[in-house]
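Chemist: Sequence lines, in order, name chains A and B.
Everything in the first sequence is counted per the working numbering, starting at 1 for the first residue and increasing by one.
Everything in the second sequence is counted per the working numbering, starting at 1 for the first residue and increasing by one.
Hints are computed from structural coordinates only; laboratory data are not their basis.
Treat the numbers as computed from the prediction; the structure is a model and nothing was measured.
Careful, some of the hints might be misleading.
To be verified - Facing chain B, a subset of chain A residues (Cβ under 10 Å, in silico):
id, residue
1, V70
2, G182
3, G228
4, I244
5, G248
Beta carbons: idealized from backbone N, C-alpha and C, even for Gly.
Protein chains: 2
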Amino acid sequence: MPTTNKQVLLARRPYGEPKEDDFSVVDTALDDPREGQILVRNRFLSLDPYMRGRMNDAKSYAAPVALGDVMVGGTVGEVVASKHPRFRQGDVVTGALGWQEHALVEGASAGLVKIKERPGVPLSAYLGAVGMPGVTAYHGLFDIGTPKPGETVVVGAAAGAVGSVVGQLAKLTGCRAIGIAGGAEKCAHVVKDLGFDACVDHRSATLKDDLAAATPAGIDVYFENVGGPLLDLVLGRINPFARIPLCGLVSQYSETQPYGVKNVVSLLTNRVRLQGFVVSDRMDRWPEAQQRLAGWVAEKKIVFRETVAEGLASAPRAFIGMLRGENLGKQLVRL
Amino acid sequence: MPTTNKQVLLARRPYGEPKEDDFSVVDTALDDPREGQILVRNRFLSLDPYMRGRMNDAKSYAAPVALGDVMVGGTVGEVVASKHPRFRQGDVVTGALGWQEHALVEGASAGLVKIKERPGVPLSAYLGAVGMPGVTAYHGLFDIGTPKPGETVVVGAAAGAVGSVVGQLAKLTGCRAIGIAGGAEKCAHVVKDLGFDACVDHRSATLKDDLAAATPAGIDVYFENVGGPLLDLVLGRINPFARIPLCGLVSQYSETQPYGVKNVVSLLTNRVRLQGFVVSDRMDRWPEAQQRLAGWVAEKKIVFRETVAEGLASAPRAFIGMLRGENLGKQLVRL
């Protein structure tokens, strides 16, 4: 039984873009499981943009991480010891067990899910296309975006863990899927590997014209992961009765001066529905979503890319890089 | 039979705030009705913020008014001659017959409605609480705002034709109704005459604190008529799962530099649904809305104020004043 645990703690609240020394990597003593508990060895840690919000001491849908606490985060790992009847040694579990190698948790914890491994679906997929990002894409696109065949769906951060699934779901629905991503490499990946109809580079000097050329019939659904000036640009091409699932605003999380969205009048004249959502509000959608996503992944109808950092100590650096858009696809840390 | 007609034409597209010489008042020859037509003597013309949008040559939900054309506008009047079997001399009709004293129209025109006068409901109410503004309030609040008893409903432009009805409908639903209006006189009217629970003055230096004091339990529904910095302020007090029916942006219509809304992240973290709407998209809601509104007006459960300008030639000046917020309640022109 392991007796020490490596953890990443929130050492300081970042101002603007996080820095590596906003975190501290520590070794702490690890107890044996008590009655009702299990000990999990995490194999992969998921790094996601929402974590930036948890580092602020601000009112939000979830409490902030306290200073000195282990950073929150989704994990997949295996049970190494169990004193809970539902779990046995060797079981694979996903949960939000945080930035740490081991986790000693109550077996009855909400969100702790035992995974039945299935051919064609790697473990890490349960943190990506078949996990929280995939379910986010599924709920946001289908329940809020309500796309209809033939409509144009534009996806921000299209090379990211959520966006990559959104576009593929849009294609499976019979829509035209247009990605927005940062840089030529990501755009090529979005079109060639993920099968979007086109992808525009938000760093390009001709972005406005590129977006217009890629959306000749306007935009019916904009899956918003980014925010900032891009939202104004999209609002300039939005169609009447369009829907905007507001999933993330990664361009804004570290901004000390948020961007002001000017084209609000387009929301009015086009009768747009813009709706913020958080996947954890709709736990009732997980079973259906996860089952269908796993099926599509196994059939290779949904493909995905991962960027994997090695070792827990690399997590802060990888997280900062992800906020800058340095990753392609799902950002993971192998523990 | 009258042989000339006074009309107000759009002479020039306004840049920013309209000026009186953007309009021209003309006398034109009037024909007798041909087969299928009716001649209407308009008694009241409605002046509404949406008209500012129609003066721009911009893509919107309705075509712009062409230069030299009669300005669009809702009217109530009486039939002076009819060659259509559905109408008789003396019938009272509402429609969008424009800024003119007489209108020669096809009796089969869409939107031309014969009014059955009813005790306690004055003719002019069919341009206000029982007409387009009232139905706008009804559809926007009930169908998009979906208020529940006990919730806090905040209403922009609360002393205006739409806002005044929204707040009274919120009270009839068992909500806390908070108005936002410009100046002490309007705020007093909103509370004392219209029965809102409180009203804050958007011109006050203490607006932010005043709004906080009036909404101790946050904001569940914000009926947006105004836009600009007020929207950011409201987003700072919005509750999780709040709804924002986006009905108008009167602060922005004449702005050449639109205000940038900064607190978009609040829409995300609070999972807010913001939805632009136009009442004419939902003609199916008119019969129910109009019937219930007329009933509430007759019972004095909905009261309203009117600001009446005298004579068609005063319409441009009255319209400019309305955009500045100089009116109290529904702005009309008596013809």
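Chemist: Does each hint fit the structure? Answer for all of them.
Modeler: Verification of the hints:
The interface hint given for A/V70 is violated, since its Cβ lies 22 Å from the closest Cβ of chain B, which is over the 10 Å cut-off. Hint on A/G182 is violated. Least Cβ distance to chain B is approximately 20 Å, over the 10 Å limit. The criterion of a C-beta within 10 Å of any C-beta in chain B is met by A/G228, whose closest approach is roughly 9 Å, and the hint holds. With its C-beta approaching chain B no nearer than about 9 Å, A/I244 sits inside the 10 Å limit, and its interface hint holds.
The closest approach between the C-beta of A/G248 and any C-beta of chain B is roughly 7 Å, which is under the 10 Å cut-off, so the hint is satisfied.
Consistency note: the structure conflicts with the earlier hints numbered 1 and 2.
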